[in-house]
Every structure is written in structure tokens, then in C-alpha cells.
Amino acid sequence: MSMDFNMYVNDIVRQAREDMEQSGYEQLQTPEEVDAALTRKGTTLVMINSVCGCAGGVARPAAAHAIHYDKRPDHLVTVFAGQDRDATAKARSYFTDYPPSSPSFALLKDGKICTMVERHEIEGHAPMSVVNKLQQYFDEYCEEV
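Take the sequence shown: its letters are residues 1 to 145, numbered as in my numbering.
Any given hint could be a false lead.
Said to hold, decoys possible - So the derived label-pair ranges between C-beta atoms look like this: (1) Thr30 x Pro100: 15 to 21 Å; (2) Asp11 x Met128: 37 to 43 Å; (3) Ile113 x Asp4: 35 to 41 Å; (4) Glu143 x Thr96: 19 to 25 Å; (5) His65 x Lys109: 20 to 26 Å; (6) Tyr141 x Ile12: 28 to 34 Å; (7) Asp4 x His68: 16 to 22 Å; (8) Lys109 x Glu21: 19 to 25 Å; (9) Asp86 x Tyr141: 24 to 30 Å; (10) Asn6 x Ala89: 19 to 25 Å; (11) Arg14 x Val145: 29 to 35 Å; (12) Asp11 x Tyr98: 14 to 20 Å; (13) His65 x Glu143: 29 to 35 Å.
Stated by the list, open to error - Below, in silico cross-link-like pairs of lysine to any residue (SDA-like), each with a Cα-Cα straight-line distance of 25 Å or less: (14) Lys41 x Glu144; (15) Lys90 x Asp35; (16) Lys109 x Gln136; (17) Lys71 x Ser23; (18) Lys71 x Gly24; (19) Lys71 x Val9.
Just so you know, the hints here were simulated from the structure itself, not pulled from any lab data. Yeah, the Cβ is synthetic: ideal placement off N, Cα and C, and Gly gets one too.
Given these sequences and hints, build the entire structure.
As C-alpha cells, then:
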């Protein structure tokens, strides 16, 4: 019996995408979609998704729970590293002074990077510590809902 690895990975990717969409994040799959989304007025949280364990066990749950807060970004979007390569590269072009990192979160205001939560701040941490870090940034950069 052999297992089709691509089918296995595609199932993981599909579920990871659905998790983010169900949490209210808009999927960006092309560079054009990224430009349109990241240049909008207001604050935008970008979740750089991936298939690794820290994405599924920490980053995606944190993304879902952090937005239930008095202050939150105006826009919630996600790109999928390793899947939508051009869209991810375009998004990362907005994250000046930060190396590529996935999973991670970028908070932008009017198209300019404010701050990031990088992989080293996610991997090995509890989801609530990432939620708390995101909400601290929401307090600093976002308006009350």
C-alpha cells in the first residue's frame, strides 16, 4: 500500500486555508491581490500561514482568538508560504527590515509595516502568549471596534 504524498499535503493545506477563512481572514493568492489588500487604508494583519506544526498548533489558533478583542485590525488577510509563492514574496516585500519567517504575523498601517511576530516568537510558545503579543500590538496600533 502506498500513500500519495501530494494528496496528503493538499489535504493539510486545504484544512489550513479553511481554518483561516473560518476565522475571518481573506486568502490572498496572487501578487495583485496582495497589493490591493496591503495598500488599503487602515490597519491590516497579515498571517503568513504554513504547514508546519507551530502554524497548526500555535499560529492559526492565535490568529483565530486574538481578533476577539476591543481593538483589532481593520483588515485580516493571509498568504500561504510554500503554496502561493508569488503572493507570499509580494507580501514579504512590504515587511522591510524583517527576514522571511513562517508562520508569522505582520501588522501594517496604510501599507507600511508597524511590527511583526516572527516564527521564533511563535514556535515553542503557547498560543495564548502569541494572542497576548498580538493584542498588545492591537492596543498600540489599532482602533477600538
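Against the structure, the hints come out as follows:
1. Under the hint 15 to 21 Å, the C-beta atoms of Thr30 and Pro100, about 19 Å apart, fit the expected range.
2. Here the CB-CB span from Asp11 to Met128 is close to 28 Å, at odds with the stated 37 to 43 Å.
3. Hint check: Ile113 to Asp4, Cβ distance near 39 Å, so the stated range 35 to 41 Å holds.
4. A hinted range of 19 to 25 Å holds for the C-beta pair Glu143 and Thr96, which are about 24 Å apart.
5. In this structure the supplied range 20 to 26 Å holds for His65 paired with Lys109, their Cβ-Cβ distance being about 22 Å.
6. Between Tyr141 and Ile12 the beta carbons are some 32 Å apart, a value that agrees with the proposed interval 28 to 34 Å.
7. Restraint check, Asp4 to His68: a C-beta distance of roughly 38 Å breaks the suggested window 16 to 22 Å.
8. Look at Lys109 against Glu21: about 24 Å separates their beta carbons, and that is inside 19 to 25 Å.
9. A beta carbon spacing of about 27 Å between Asp86 and Tyr141 agrees with the range 24 to 30 Å that was offered as a hint.
10. Distance hint for Asn6 and Ala89: a CB-CB separation of about 22 Å, consistent with the stated range 19 to 25 Å.
11. A hinted range of 29 to 35 Å for the beta carbons of Arg14 and Val145 is consistent with their spacing of about 30 Å.
12. Range check, Asp11 to Tyr98: about 31 Å between beta-carbon atoms, so the 14 to 20 Å window is missed.
13. Separation of His65 from Glu143 is about 20 Å and departs from the stated range, judged on CB atoms against 29 to 35 Å.
14. Of the supplied pair hints, the one linking Lys41 and Glu144 holds, its CA atoms being roughly 16 Å apart against a limit of 25 Å.
15. A distance of roughly 8 Å separates the Cα atoms of Lys90 and Asp35; the hinted pair therefore holds under the 25 Å criterion.
16. Distance check on the hinted pair: Lys109 and Gln136 sit about 15 Å apart at the alpha-carbon level, within 25 Å; holds.
17. Pair hint Lys71 plus Ser23 holds up; C-alpha atoms about 16 Å apart against a cutoff of 25 Å.
18. Simply put, Lys71 and Gly24 have alpha-carbon atoms about 16 Å apart, close enough for the 25 Å limit, and the pair holds.
19. In summary, the hint linking Lys71 to Val9 is not supported, as the alpha carbons are separated by about 35 Å, beyond the 25 Å threshold.
Checked against the numbered hints given earlier, the structure breaks hints 2, 7, 12, 13 and 19 and satisfies all the rest.
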